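**Student:** For reference, the chains in residue letters:
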Amino acid sequence: MNDAVAVAASAVTALVGHRAAEWDRAGRLPTEVVRKLGAAGQLAPQIPTRYGGPGWSSADTGEFTAHVGSLCSSVRSVMTSQGMAAWAVERLAGPAQAAELLPRLATGDTAAVAFSEPQAGSDLSAVTTTVAVDGDSLLLTGRKVWVTAADHADLFLVLARLGEGGAVVVVPRGAPGVRVRRMADPLGCRAAGHAEVRFDAVRLPAGSLLGDGGQSLSLLATTALTYGRISVAWGCVGILRACVAAAGEHAGLRHQFGRPLGRHQLVARHLAELWAAEQVATRVCEHASRCWDDGSTDLVTATVLAKYVSAGQAVRGAAAAVQVLASAGAQDGHPVARAYRDAKLMEIIEGSTEMCQLLLADHVLSRW
Amino acid sequence: MTTSSDRAVPETAGGSDAVQAELLRFLTARTRKPWTADADLFASGGLSSLFAMELVVHLERTYGIAIRGTDLRLENFRTVWRMAALVDRLRQPAPGGRGE
Ligand SMILES: Cc1cc2nc3c(=O)[nH]c(=O)nc-3n(C[C@H](O)[C@H](O)[C@H](O)COP(=O)(O)OP(=O)(O)OC[C@H]3O[C@@H](n4cnc5c(N)ncnc54)[C@H](O)[C@@H]3O)c2cc1C
Chain A
0 MNDAVAVAAS AVTALVGHRA AEWDRAGRLP TEVVRKLGAA GQLAPQIPTR YGGPGWSSAD
60 TGEFTAHVGS LCSSVRSVMT SQGMAAWAVE RLAGPAQAAE LLPRLATGDT AAVAFSEPQA
120 GSDLSAVTTT VAVDGDSLLL TGRKVWVTAA DHADLFLVLA RLGEGGAVVV VPRGAPGVRV
180 RRMADPLGCR AAGHAEVRFD AVRLPAGSLL GDGGQSLSLL ATTALTYGRI SVAWGCVGIL
240 RACVAAAGEH AGLRHQFGRP LGRHQLVARH LAELWAAEQV ATRVCEHASR CWDDGSTDLV
300 TATVLAKYVS AGQAVRGAAA AVQVLASAGA QDGHPVARAY RDAKLMEIIE GSTEMCQLLL
360 ADHVLSRW
Chain B
0 MTTSSDRAVP ETAGGSDAVQ AELLRFLTAR TRKPWTADAD LFASGGLSSL FAMELVVHLE
60 RTYGIAIRGT DLRLENFRTV WRMAALVDRL RQPAPGGRGE
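Taken in sequence, the protein lines are chains A and B. Counted from 1, the first sequence has number 190 at position 191 by numbering that gives the first Met the number 0; the numbering is strictly sequential. Counted from 1, the second sequence has number 53 at position 54 by numbering that gives the first Met the number 0; the numbering is strictly sequential.
Zero decoy hints are in this set.
Using C-beta positions, here's what the derived DEER-type ranges look like:
{"hint": "1", "chain 1": "A", "residue 1": "TRP367", "chain 2": "B", "residue 2": "THR61", "range": "16 to 26 Å"}
{"hint": "2", "chain 1": "B", "residue 1": "ARG31", "chain 2": "A", "residue 2": "ASP292", "range": "24 to 34 Å"}
{"hint": "3", "chain 1": "B", "residue 1": "ALA17", "chain 2": "A", "residue 2": "GLY54", "range": "31 to 41 Å"}
{"hint": "4", "chain 1": "A", "residue 1": "GLY16", "chain 2": "B", "residue 2": "ARG31", "range": "47 to 57 Å"}
{"hint": "5", "chain 1": "A", "residue 1": "GLY162", "chain 2": "B", "residue 2": "ASP16", "range": "29 to 39 Å"}
{"hint": "6", "chain 1": "A", "residue 1": "THR48", "chain 2": "B", "residue 2": "ARG90", "range": "18 to 28 Å"}
{"hint": "7", "chain 1": "B", "residue 1": "ALA17", "chain 2": "A", "residue 2": "ASP292", "range": "20 to 30 Å"}
{"hint": "8", "chain 1": "B", "residue 1": "ARG31", "chain 2": "A", "residue 2": "GLY162", "range": "30 to 40 Å"}
{"hint": "9", "chain 1": "B", "residue 1": "ALA38", "chain 2": "A", "residue 2": "ALA98", "range": "32 to 42 Å"}
{"hint": "10", "chain 1": "A", "residue 1": "GLY247", "chain 2": "B", "residue 2": "ALA17", "range": "49 to 59 Å"}
{"hint": "11", "chain 1": "A", "residue 1": "ARG262", "chain 2": "B", "residue 2": "THR27", "range": "56 to 66 Å"}
In short, the hints are calculated from the structure, not lab data. Every value quoted in this text rests on a predicted model; they were computed, and no experiment measured them. We treat Cβ as the ideally placed atom computed from N, Cα and C, and that holds for glycine.
Work out the full structure: start from the sequences and follow the hints.
**Tutor:** Written as structure tokens, this is what we have:
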């Protein structure tokens, strides 16, 4: 870790402290925690310095994301949303829009990404939310579900149809016609502030379409998801690190049948596989971040691979950690209990395990 | 902001020969299939939108351009002609700059 990352990491460790369990049980992050991270630019550390952001590399952001993920997957989810929103703006916005929005996202305003709908999950070509030009303004109508970080978001980035093409629309939370309803009791990342967001004939200035809109829906989604995937993948590395720490410590301290748990071979195998899972996930994420930082075309596939491998490893690793801790980890709020629930959702978001498999198979078929 | 004239995509040969030749080499190396400059890359049995992202990254790195905003349309990457035309247009410094 370089110095800036190490300093930020210890600041987050101090900020989260031992409160992640409490936030998980309450299903909510304290507003000041999100605001503090936002104001420090730590929710989206890759925002370039020319826009007032930290300007970190993908590799540094990844290490930081893993650290946050090892403490609290809900905070890490909020980071993923903010980073994805910032990346979408950086890629899609015109220069004036980028100069207006990115400094805000680098210093305190928070954003959430609203793509999914009741009938459009894996298949985003089925979105029905529509934005239309109406005189010199825009009208947005539709309903989005599972919007992470909606609880605290000042802005929503909404995927919508615009004529034959698509658009990402920037919507202030306070615009008339925007209604945010918290989703109760998600399986994991419980404090990440998921909500359903409705847009009823929301009237917006013409400049609210990123880059004037009219892009293809699939390219818009792929663009945003590329950042989301690498962020989730590093978050899974964090989940695995928390599991290695908890399982390793417990297996050394707890005795049964006259010796430490870790000295029973079947338990030792769990530890070996858990550590292997953490290492594999770390390497595949490092590779994806290197591709990102080098501007390599392999980036796109490497990102899907990192997300796919890390989420699968996190699910298996978290299950092994719960097994090693047994009743000691079998309570809501415990790091391995959270890891177990949080990891499973990582196989669903930003392209499910099956969707990643299809993309990776496509990659193989297009090459060989 | 881009103007509506930016949206017009040439249906005929576009861009410099050198760019076209380089793109054909890239496509052939990447897909191990021969392509022509007017072939529709995304027609059925063709390439995915994930591959379109790869093309974006390749064009940006190879030609030192930034493909942002409205230019990020699948239509701009549908054929080698269109990509070469896009490269030509973005290599001309845009009025006001493109923020890079
Ligand atoms: C914790 C969490 C946070 C989220 N945050 C956000 C957010 O911030 N913004 C947002 O827009 N959305 C968000 N989502 C929604 C998420 O993007 C979707 O859940 C995801 O895209 C999957 O869609 P779905 O749940 O409708 O499942 P479906 O698309 O209905 O899929 C159901 C199952 O079928 C499989 N499947 C579907 N199609 C195929 C196929 N062609 N081949 C093989 N298998 C297939 C899937 O892999 C899955 O296993 C979040 C979801 C969760 C759980």
